[in-house]
Amino acid sequence: MRAQINPSILSADFARLADEAQAVAGADWLHVDVMDNHFVPNLTLGVPVVESLRKATDTPLDCHLMIEDPDRWAPQYVEAGAGSVTFHVEAAAAPVRLAREIRAKGARASMALKPATPIEPYEDLLPELDMLLVMTVEPGFGGQAFLDIMLPKIRRTRELIAKHGLELWLQVDGGVSESTIERCAEAGADVFVAGSAVYGADDPAAAVRALREKAESTFATAPWACGH
Numbered sequence: 001m002r003a004q005i006n007p008s009i010l011s012a013d014f015a016r017l018a019d020e021a022q023a024v025a026g027a028d029w030l031h032v033d034v035m036d037n038h039f040v041p042n043l044t045l046g047v048p049v050v051e052s053l054r055k056a057t058d059t060p061l062d063c064h065l066m067i068e069d070p071d072r073w074a075p076q077y078v079e080a081g082a083g084s085v086t087f088h089v090e091a092a093a094a095p096v097r098l099a100r101e102i103r104a105k106g107a108r109a110s111m112a113l114k115p116a117t118p119i120e121p122y123e124d125l126l127p128e129l130d131m132l133l134v135m136t137v138e139p140g141f142g143g144q145a146f147l148d149i150m151l152p153k154i155r156r157t158r159e160l161i162a163k164h165g166l167e168l169w170l171q172v173d174g175g176v177s178e179s180t181i182e183r184c185a186e187a188g189a190d191v192f193v194a195g196s197a198v199y200g201a202d203d204p205a206a207a208v209r210a211l212r213e214k215a216e217s218t219f220a221t222a223p224w225a226c227g228h
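Residue numbers (UniProt numbering): 1 to 228.
No wet-lab data here; the hints were simulated from the structure.
In this text, a Cβ means the ideal position worked out from N, Cα and C, and glycines have one as well.
Be a bit skeptical, because a hint or two may be false.
No farther apart than 27 Å at their CA atoms in a straight line, the calculated lysine-lysine pairs in the DSSO-like style are these [to be verified]:
| id | residue 1 | residue 2 |
| --- | --- | --- |
| 1 | Lys-55 | Lys-114 |
| 2 | Lys-114 | Lys-163 |
| 3 | Lys-114 | Lys-214 |
Derived DEER-like restraints, expressed as beta-carbon distance ranges [as the list claims (entries may be wrong)]:
| id | residue 1 | residue 2 | range |
| --- | --- | --- | --- |
| 4 | Asp-58 | Arg-2 | 13 to 23 Å |
| 5 | Ile-149 | Ala-15 | 18 to 28 Å |
| 6 | Met-1 | Ala-25 | 21 to 31 Å |
| 7 | Ala-18 | Lys-163 | 34 to 44 Å |
| 8 | Pro-48 | Asp-19 | 12 to 22 Å |
| 9 | Asp-124 | Ser-179 | 34 to 44 Å |
| 10 | Arg-72 | Arg-209 | 35 to 45 Å |
| 11 | Ala-94 | Arg-155 | 38 to 48 Å |
Please work from the sequences and hints to get the whole structure.
Here it is in C-alpha cells:
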C-alpha cells in the first residue's frame, strides 16, 4: 500500500506560495486550508489563490473547506482547479447532493468530521464519498497538538469502510508528524495531512519522504492493511 502525504500550505510562507509548492513536488497532494472566520475562528484564502496555485504546481490540490455554506461554495473550488474538495458535514445542508455535485464536476468528494462529531450517523453516506477526513485537532489553526483520543474513531471509520467494501480513502489532519503518523497508520488512515512537520523542516521534500516511509512501514503489519 502507498501512503499519501499531503503537505498543508497553512504552514507555508504565504508570500512565496509558488516556491513553497515546488519545495514539496514529490508530495501526493497539496493540502489547501480554506477558512472563512465564521465556521472556524480564522481567515485564510479563497478561490483566487487556488486558481493561482493550480497554475504554479503540477501537484494536485486537496482543498479543505472550513467554511459555512459549502453547498454554495464547494463547486467553485472544483472550477478553480481543485482535484479533491472536502466539506464539513457540520456545515453542509445537503451532504449527499453536494458530494454528487463535486463528483459531477470532476473532482473527488470528501467529507470532514470535527473531533466531537461521530462517524456512525453518517455510515450510509460513505458510498457517496471518495475520502473521509477525521480531524485530529479542532479545525481552525495549524500547529496544534495531535489528539490521541481520535485514534479509536479512526479505527471505527476504517471498520465501516471495510464493512461496506469501499475504496474510500481515510485522511487525518492535525498534529501529524514523524512521532504520530505511525499511530494514525496503524489505526487505519492512509492519507496524511502534515503542515509544520513538512514546512518546518530544513528540507520539506525529505520530510515528505520520511513521513511516507514511516506510514508504509506501519502498513506492513497493521491488521486492517494486511489484506489489501
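Query raised in the report: Of the hints stated earlier, which fail here?
Result: 1, 5 and 11
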